[in-house]
Amino acid sequence: MSRKIRKNKLTQKKIADERIKILLEIADARALNKNFDSANRYVTLARKIAMKYNARIKGEFKRKFCKFCYNHLMPGATSKVRLNSSKHRVEVKCFGCGKVMFYPYVREIKKRRVKLSEMTDYKNDIR
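Residue 18 in our numbering sits at position 18 of the sequence shown, and the numbers go up by one each step.
Just so you know, the hints here were simulated from the structure itself, not pulled from any lab data. Where a beta carbon is used, it is the ideal one built from N, C-alpha and C, also for glycine.
Label-pair ranges, simulated between beta-carbon atoms:
#	residue 1	residue 2	range
1	Leu83	Lys115	20 to 26 Å
2	Val114	Gln12	39 to 45 Å
3	Asn84	Lys34	24 to 30 Å
4	Gln12	Arg41	18 to 24 Å
5	Lys9	Lys87	37 to 43 Å
6	Phe95	Leu116	34 to 40 Å
7	Glu25	Cys97	19 to 25 Å
8	Leu83	Asn8	41 to 47 Å
9	Thr120	Leu83	26 to 32 Å
10	Arg56	Ala29	21 to 27 Å
In silico SDA-like pairs for lysine to any residue, Cα to Cα no more than 25 Å straight-line:
#	residue 1	residue 2
11	Lys93	Asn33
12	Lys64	Ala29
13	Lys52	Ile15
Required output: the full structure, derived from the provided sequences and hints.
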């Protein structure tokens with residue numbers, strides 16, 4: 001592949017990332033105004049752009065729409081959010097399809113890893 005084509009693809013991907021970000025921000029604004037149909041439309045447009053240019057949608061945006069039916073998720077209006085403390089995760093139920101998505105508590109997991117690494121370092125220092 002020549003350099004010119006590669007640079008062109010990189011610029012296309014960069015533009016696609018910007019457009020995806022803008023579309024998902026507009027979807028958030030429309031959902032706040034209770035216009036869920038247009039919010040869902042913006043989510044599908046963003047997904048189509050991501051698929052066409054093989055661009056990734058960032059994690060912060062991925063959690064804003066359902067993995068199964070691709071509806072925009074707004075807590076209380078189009079989804080129900082619960083904290084499951086026994087399993088250390090956030091549970092999001094979509095009202096569109098009824099599916100439940102699970103996301104782990106990131107902070108607790110990181111704290112646990114730090115504590116475990118400190119304990120192993122302490123044990124190694126004693127020996």
